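Q: Residue-level listing of the chains:
Protein chains: 2
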Amino acid sequence: MKRYEALAADIAASIQNGTLKPGDKLPSVRQASISRHVSPATIFEAYYLLEAKGLVRSKDRSGHYVAAGVARLPPEPESVSRPDGEARPVVISELVLGILESTMSRDVVPLGSAFPSPLLFPFDRLGRATSVAISRLDPWTTVDNLTLGSQALRQQIALRYLIDGVQVGPDQIVITNGAMEALNLCLSAVCKAGDAVLVESPCFYACLQALERLGLHAVEVATDPRTGIDVDALEAAILRHRPKACWVMTNFQNPLGSSMPEAKKQALVELITRHRLPMVEDDVYGELYCGSHRPAPTKRFDGEGWVMHCSSFSKTLAPGYRVGWVSPGRFLREVTYQKLTTSLATSIPAQLGIARYLERGSLERHLRALRLDLQRNRDQYIEAISQHFPSGTKVSRPAGGYFLWIVLPGAIDALLLHRKAMQAGISIAPGPMFSTSPGFGSCVRINFGHPLTTRVEAALQALGRTALRMGK
Amino acid sequence: MKRYEALAADIAASIQNGTLKPGDKLPSVRQASISRHVSPATIFEAYYLLEAKGLVRSKDRSGHYVAAGVARLPPEPESVSRPDGEARPVVISELVLGILESTMSRDVVPLGSAFPSPLLFPFDRLGRATSVAISRLDPWTTVDNLTLGSQALRQQIALRYLIDGVQVGPDQIVITNGAMEALNLCLSAVCKAGDAVLVESPCFYACLQALERLGLHAVEVATDPRTGIDVDALEAAILRHRPKACWVMTNFQNPLGSSMPEAKKQALVELITRHRLPMVEDDVYGELYCGSHRPAPTKRFDGEGWVMHCSSFSKTLAPGYRVGWVSPGRFLREVTYQKLTTSLATSIPAQLGIARYLERGSLERHLRALRLDLQRNRDQYIEAISQHFPSGTKVSRPAGGYFLWIVLPGAIDALLLHRKAMQAGISIAPGPMFSTSPGFGSCVRINFGHPLTTRVEAALQALGRTALRMGK
Numbered sequence: 001m002k003r004y005e006a007l008a009a010d011i012a013a014s015i016q017n018g019t020l021k022p023g024d025k026l027p028s029v030r031q032a033s034i035s036r037h038v039s040p041a042t043i044f045e046a047y048y049l050l051e052a053k054g055l056v057r058s059k060d061r062s063g064h065y066v067a068a069g070v071a072r073l074p075p076e077p078e079s080v081s082r083p084d085g086e087a088r089p090v091v092i093s094e095l096v097l098g099i100l101e102s103t104m105s106r107d108v109v110p111l112g113s114a115f116p117s118p119l120l121f122p123f124d125r126l127g128r129a130t131s132v133a134i135s136r137l138d139p140w141t142t143v144d145n146l147t148l149g150s151q152a153l154r155q156q157i158a159l160r161y162l163i164d165g166v167q168v169g170p171d172q173i174v175i176t177n178g179a180m181e182a183l184n185l186c187l188s189a190v191c192k193a194g195d196a197v198l199v200e201s202p203c204f205y206a207c208l209q210a211l212e213r214l215g216l217h218a219v220e221v222a223t224d225p226r227t228g229i230d231v232d233a234l235e236a237a238i239l240r241h242r243p244k245a246c247w248v249m250t251n252f253q254n255p256l257g258s259s260m261p262e263a264k265k266q267a268l269v270e271l272i273t274r275h276r277l278p279m280v281e282d283d284v285y286g287e288l289y290c291g292s293h294r295p296a297p298t299k300r301f302d303g304e305g306w307v308m309h310c311s312s313f314s315k316t317l318a319p320g321y322r323v324g325w326v327s328p329g330r331f332l333r334e335v336t337y338q339k340l341t342t343s344l345a346t347s348i349p350a351q352l353g354i355a356r357y358l359e360r361g362s363l364e365r366h367l368r369a370l371r372l373d374l375q376r377n378r379d380q381y382i383e384a385i386s387q388h389f390p391s392g393t394k395v396s397r398p399a400g401g402y403f404l405w406i407v408l409p410g411a412i413d414a415l416l417l418h419r420k421a422m423q424a425g426i427s428i429a430p431g432p433m434f435s436t437s438p439g440f441g442s443c444v445r446i447n448f449g450h451p452l453t454t455r456v457e458a459a460l461q462a463l464g465r466t467a468l469r470m471g472k
Numbered sequence: 001m002k003r004y005e006a007l008a009a010d011i012a013a014s015i016q017n018g019t020l021k022p023g024d025k026l027p028s029v030r031q032a033s034i035s036r037h038v039s040p041a042t043i044f045e046a047y048y049l050l051e052a053k054g055l056v057r058s059k060d061r062s063g064h065y066v067a068a069g070v071a072r073l074p075p076e077p078e079s080v081s082r083p084d085g086e087a088r089p090v091v092i093s094e095l096v097l098g099i100l101e102s103t104m105s106r107d108v109v110p111l112g113s114a115f116p117s118p119l120l121f122p123f124d125r126l127g128r129a130t131s132v133a134i135s136r137l138d139p140w141t142t143v144d145n146l147t148l149g150s151q152a153l154r155q156q157i158a159l160r161y162l163i164d165g166v167q168v169g170p171d172q173i174v175i176t177n178g179a180m181e182a183l184n185l186c187l188s189a190v191c192k193a194g195d196a197v198l199v200e201s202p203c204f205y206a207c208l209q210a211l212e213r214l215g216l217h218a219v220e221v222a223t224d225p226r227t228g229i230d231v232d233a234l235e236a237a238i239l240r241h242r243p244k245a246c247w248v249m250t251n252f253q254n255p256l257g258s259s260m261p262e263a264k265k266q267a268l269v270e271l272i273t274r275h276r277l278p279m280v281e282d283d284v285y286g287e288l289y290c291g292s293h294r295p296a297p298t299k300r301f302d303g304e305g306w307v308m309h310c311s312s313f314s315k316t317l318a319p320g321y322r323v324g325w326v327s328p329g330r331f332l333r334e335v336t337y338q339k340l341t342t343s344l345a346t347s348i349p350a351q352l353g354i355a356r357y358l359e360r361g362s363l364e365r366h367l368r369a370l371r372l373d374l375q376r377n378r379d380q381y382i383e384a385i386s387q388h389f390p391s392g393t394k395v396s397r398p399a400g401g402y403f404l405w406i407v408l409p410g411a412i413d414a415l416l417l418h419r420k421a422m423q424a425g426i427s428i429a430p431g432p433m434f435s436t437s438p439g440f441g442s443c444v445r446i447n448f449g450h451p452l453t454t455r456v457e458a459a460l461q462a463l464g465r466t467a468l469r470m471g472k
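Chains B and S, in that order, give the protein sequences. Following full-length UniProt numbering from start to finish, the first sequence increments by one per residue and tops out at 472. Following full-length UniProt numbering from start to finish, the second sequence increments by one per residue and tops out at 472.
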């Protein structure tokens, strides 16, 4: 743990145990720097992190204060998952498909959805950029750079990598039909049916679906709900199962909301490099941070190219455009071949439209607004859940993304809660969608990517009441 | 064989053996109808077919004439392929990738390319349609109908099916990232690693690549260079190998240019229905016919839903937009699930742009021009090849698409010819790309989708000279 992370954890504990109360002013950066014997920069980082988690608010010029209402918020889930460590074929498709189908109507309150509100995105500006880009389309670009994707777009993505301290050039990027395709191409590039793949426990259901489709065996690895996958447990699983890949969501993990501290990311890259284990890094939420800066992808520490870094514009700018990418490191040729033979190329209008939008420098402004919207939603949803859910409920405090991970008290059955909620026109994502093992039967993932309207608040209230009845 | 097909074959033979000479006028439709005791419609159909094959030209009001130069054109390949009938894993990726990579530069004369000239497509009109469509985008459509694809586009595709006499509604269509994805989704929906799949011999290399990637075994089936896959041989292979799917390109097959007569298509559907064998129908060239009407997809005769009909707009309207579709019959749910878990959805701007273009009714006008362009190219390319290639060369006379299949005389090595041609900046597609068995070592596929410019004619001349030297 870095110094500022330790300091932030320290202050968070003081808030949780009541030493610091809502409205209390934190020491000024200068004071704290002197009393803690650390640089002002470290204090700043710590305060930013606390702000990102919603524990602290800054007021212009007057300093930092403990956030109102923070003391009565439900506790965070803390226990690290304990999967049994076996490798097994995945059989989850019917469960997941059934739940997804039930949640796809616009009439259902989308707490179980995987998508944020489409109204948070600049479709007008993006549409205009796309119109201009296609009006200037050189027909030959439909033949050139077919499989890698638009040179202009790869250039823009490489620039963003540069800003994030990642060394990836335009020629080391393959544009894909969303991150979903990128992740699938990576798996196909390094695995064949029957191979073992290490995944988080719990993990994104689409990861499990991909493993099932490709006939791969999942080995779930212990994962901390705040700091992500356990690196020691990962090494034990490597030694035991000789896997062909691991799949890790390093920032704002879906569903936990966990984020790996930088030192842990470095240890992770060091480990997989030592074992020559290809790693699929799913980083689609990394830009949706609440703090002062984007958390690093592990790709930043990837000197030898074992990390295949996947992301997309679907959650940040352009839902429905289906433009993602992968920077596959040493597996560039393999991944390119997979792309060539599965879908040949990615849609040109969407690529050129996004490239032009990025060239005009409009992305950062939009992202700042989007991050603030999501951060506000998060705090309001946590507040509402603390009011309406049974006592003993635990709720994650993610520093980014748009998912809350909820552990219900008293072994309340999340699948049953899902069925009851659907009858009331409310979707949720029950824990069993996210694992091949039985540990998450009382867990629920809640999407806070939609504004907390009266309708949503009523849905949370109804959900809490149902859970309360089920717990009795 | 239908009556008009028999009649056309009869006349073609008279042209080949010199009974009818270039410039000779054919009997009028009325005369022929009386003397042959068939309806005028049958005569019309036969003359259309001969026109489509370039053997006959019609002059306005004055009748039909044997095409100039037709007598000295090289003969068509006739011998049906004789694959050994074994099932084997496919290992073709390195060969194909190497050849594709060598042909991707704009500086190379693209005789080996799989794409027609991008200048043949209405990018301006299509771009304007796309601009209008995205300026009216309802953000919620990025969430609705996610996996099946745009309702408006599926409606338009269903209308075209209706015109072609195929019973497929909008809800039986899944939009995909080009036909390539559609074909892959179909295979994944019904096969798993180790299963046998029946394919044509020779067949499109992307089919072989897909089999290799999925760990499937290929069984090549005897195929007639004019009338496509041999239905009896197919049945024998079904009985011997118990395959999980077959993959057939029914119209203007790549690389042969063969088209299955309607009766043969009906027999094919009857056969696979009787054996409950899922059939992937790759019909991406069906709209690029030279005659009077679109040849039927076998899907038209598919009463029980065993045919998964795949096509796209990439060869007909919108290269680079990457919009294809599949009508998967009884496998709708399986294919939808594959789509959901491999790429989730297809790019919205491209879908809406094409839908609007189709709604405006602009497609048929563009297609008429495109078909005439390709037909003219075909005749010019055949003429040039007949001048420049060694005597004994055989050249297909496809009634659509944009590929010629060439059989070189004297066992000339097509792979060696490819390497020599590349040194001169000319690409070709050598026969071994299209098969796992050794029968096509002296065959070459030539793309006539680009206008026969001086540069292209010089390339054909150089190619012919090189082949001539190699044959000595």
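Any given hint might turn out to be false.
Note: identical chains are not told apart, hence a pair may lie in one copy or across any two.
What the hints assert, rightly or not - Think about it this way: if two alpha-carbon atoms lie no more than 20 Å apart in a straight line, the pair counts; the simulated SDA-like pairs of lysine to any residue are:
(1) Lys-21 with Pro-170
(2) Lys-192 with Glu-94
(3) Lys-192 with Val-90
(4) Lys-59 with Leu-95
(5) Lys-420 with Glu-78
(6) Lys-472 with Pro-451
(7) Lys-472 with Gly-18
(8) Lys-244 with Gly-215
Honestly, the hints are just simulated from the structure, not real lab data. Treat the numbers as computed from the prediction; the structure is a model and nothing was measured.
Q: So, for every hint listed, does it hold in this structure?
A: Outcome of the hint check:
| no. | hint | in the structure |
| --- | --- | --- |
| 1 | Lys-21 with Pro-170 | neither (50 Å within a copy, 60 Å between copies) |
| 2 | Lys-192 with Glu-94 | between (23 Å within a copy, 18 Å between copies) |
| 3 | Lys-192 with Val-90 | both (14 Å within a copy, 15 Å between copies) |
| 4 | Lys-59 with Leu-95 | neither (47 Å within a copy, 65 Å between copies) |
| 5 | Lys-420 with Glu-78 | neither (27 Å within a copy, 67 Å between copies) |
| 6 | Lys-472 with Pro-451 | neither (31 Å within a copy, 78 Å between copies) |
| 7 | Lys-472 with Gly-18 | neither (30 Å within a copy, 95 Å between copies) |
| 8 | Lys-244 with Gly-215 | both (13 Å within a copy, 17 Å between copies) |
Hints 1, 4, 5, 6 and 7, counting from the list given before, are not met by this structure.
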